[in-house]
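Colleague: If you want the building blocks of each chain, they are given just below.
Number of protein chains: 4
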Amino acid sequence: MRGYTSDKDAVLKRLRRVEGQVRGLQRMVEDDEYCIDVLTQIAAATKALQAVSLGLLDEHLKHCVADALTRGGENADAKVREASEAIARLVRS
Amino acid sequence: MRGYTSDKDAVLKRLRRVEGQVRGLQRMVEDDEYCIDVLTQIAAATKALQAVSLGLLDEHLKHCVADALTRGGENADAKVREASEAIARLVRS
Amino acid sequence: MRGYTSDKDAVLKRLRRVEGQVRGLQRMVEDDEYCIDVLTQIAAATKALQAVSLGLLDEHLKHCVADALTRGGENADAKVREASEAIARLVRS
Amino acid sequence: MRGYTSDKDAVLKRLRRVEGQVRGLQRMVEDDEYCIDVLTQIAAATKALQAVSLGLLDEHLKHCVADALTRGGENADAKVREASEAIARLVRS
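Protein chains in written order, with UniProt numbering: chain A, 1 to 93; chain B, 1 to 93; chain C, 1 to 93; chain D, 1 to 93.
Don't take each hint at face value.
Note that identical chains are pooled: a pair holds if it fits in a single copy or bridges any two copies.
To be verified - Below, in silico cross-link-like pairs of lysine to aspartate or glutamate (DMTMM-like), each with a Cα-Cα straight-line distance of 20 Å or less:
1. Lys62 / Asp7
2. Lys13 / Asp37
3. Lys8 / Glu33
4. Lys62 / Asp9
5. Lys13 / Glu30
6. Lys8 / Asp37
7. Lys13 / Asp58
8. Lys8 / Asp32
9. Lys13 / Glu82
10. Lys8 / Asp31
FYI, nobody ran anything at the bench for these hints, they're computed from the structure.
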């Protein structure tokens with residue numbers, strides 16, 4: 001999260017909202033709410049987590065990867081490979 | 001969640017674990033952990049939420065949709081349509 | 001695809017359109033078109049394939065699964081399990 | 001696809017294979033093959049398209065984005081933003 005400090009509060013706020021959504025899901029299940037409504041809420045929480053990921057990845061490209069590429073050398077290749085692998089995990093999750 | 005009572009505890013347990021993962025994510029961000037590691041953990045939490053969805057959907061087909069289809073009539077069609085829409089939201093989330 | 005005969009033409013038409021999109025992608029690559037534009041077109045083809053899946057699954061629930069559930073017995077459970085597994089593959093693809 | 005020339009043949013080969021998969025899907029539908037089997041094959045074609053996307057994106061980061069970042073300036077920011085948007089489309093497709 002180095003270099004992310006400017007956005008740290010925004011990321012934390014989003015994650016706290018996701019935590020609230022997951023707690024809301026538990027209440028829905030405890031109250032025997034209708035399955036389809038629970039599924040709709042899970043889709044919303046999943047999308048919120050995905051939005052956090054995409055935001056972090058954007059920052060990561062802008063800062064960590066950009067820094068490594070500007071400096072060049074082996075580390076630059078490693079950073080790009082690492083970012084590509086993270087994108088692949090994101091796409092497949 | 002009607003008809004899900006048998007699995008209610010299992011679903012709640014899984015959702016509490018996801019809540020723990022999301023709290024863990026907040027700690028990682030607060031501690032300025034490396035962005036790629038945060039992304040890996042978000043992918044894990046997303047997969048866990050997806051597994052809850054798939055479990056709920058399976059139960060929903062087995063119980064609600066099956067009941068409606070056994071009884072037949074207009075409600076059966078409506079239940080299948082509703083399930084298909086939930087699947088579409090799941091696939092696109 | 002039994003029971004799908006009514007929609008067969010529509011499904012085939014959609015698949016032929018996807019085939020055209022994939023051939024268009026080959027031309028884009030041959031013509032050295034800009035990578036980001038190629039990615040946008042791949043996303044469109046992927047969405048088109050997904051729409052075919054969701055349509056087929058909806059039909060499958062309405063016909064095959066509904067028939068099995070109406071008849072009841074072991075086969076009904078097997079059909080629901082099979083559908084749930086197909087949904088899981090769809091969500092994870 | 002500039003800068004991708006080295007991989008062009010590999011990308012084209014993969015896309016031709018996807019085209020073959022989509023044609024195979026049409027035959028399956030024409031032959032009234034079982035819906036679940038068609039869904040399994042669509043999932044395979046979708047994964048193949050996704051793999052092409054991830055490969056192109058990796059190359060794009062390594063070449064186009066890396067070049068822009070090494071040169072710096074406004075174009076570097078634009079390239080990163082464009083890549084992030086392509087990743088978002090990929091994740092949501």
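Colleague: It remains to establish, for every hint, whether it holds in the given structure.
Modeller: Taking the hints in turn, this is what the structure says about them:
1. Proximity of Lys62 to Asp7 under the C-alpha cut-off of 20 Å is restricted to the intra-copy arrangement: shortest distance 13 Å within a copy versus 26 Å between copies.
2. For a Cα distance limit of 20 Å, the shortest separation of Lys13 from Asp37 across copies, 19 Å, qualifies, whereas the shortest one inside one copy, 25 Å, does not.
3. For the homomeric pair Lys8 and Glu33, the shortest alpha-carbon distance between copies (11 Å) is at most 20 Å, but the shortest distance inside one copy (35 Å) is not.
4. For the homomeric pair Lys62 and Asp9, the shortest alpha-carbon distance inside one copy (18 Å) is at most 20 Å, but the shortest distance between copies (31 Å) is not.
5. In this assembly of identical chains, the alpha carbons of Lys13 and Glu30 lie at most 20 Å apart only when taken from different copies (11 Å versus 26 Å within one copy).
6. Taking the shortest Cα distances, Lys8 and Asp37 sit within 20 Å of each other only across copies (15 Å), while inside one copy they are farther apart (32 Å).
7. In this homomeric assembly, Lys13 and Asp58 come within 20 Å of each other (Cα to Cα) only inside a single copy, at 18 Å, whereas the closest approach across copies is 31 Å.
8. In this assembly of identical chains, Lys8 and Asp32 lie within 20 Å of each other by CA distance solely across copies; the values are 9 Å between and 36 Å within a copy.
9. Taking identical chains as interchangeable, the C-alpha atoms of Lys13 and Glu82 are never at most 20 Å apart, the minima being 26 Å within one chain and 26 Å between chains.
10. In this homomeric assembly, Lys8 and Asp31 come within 20 Å of each other (Cα to Cα) only across copies, at 10 Å, whereas the closest approach inside a single copy is 35 Å.
In this structure, the one hint that does not hold is number 9.
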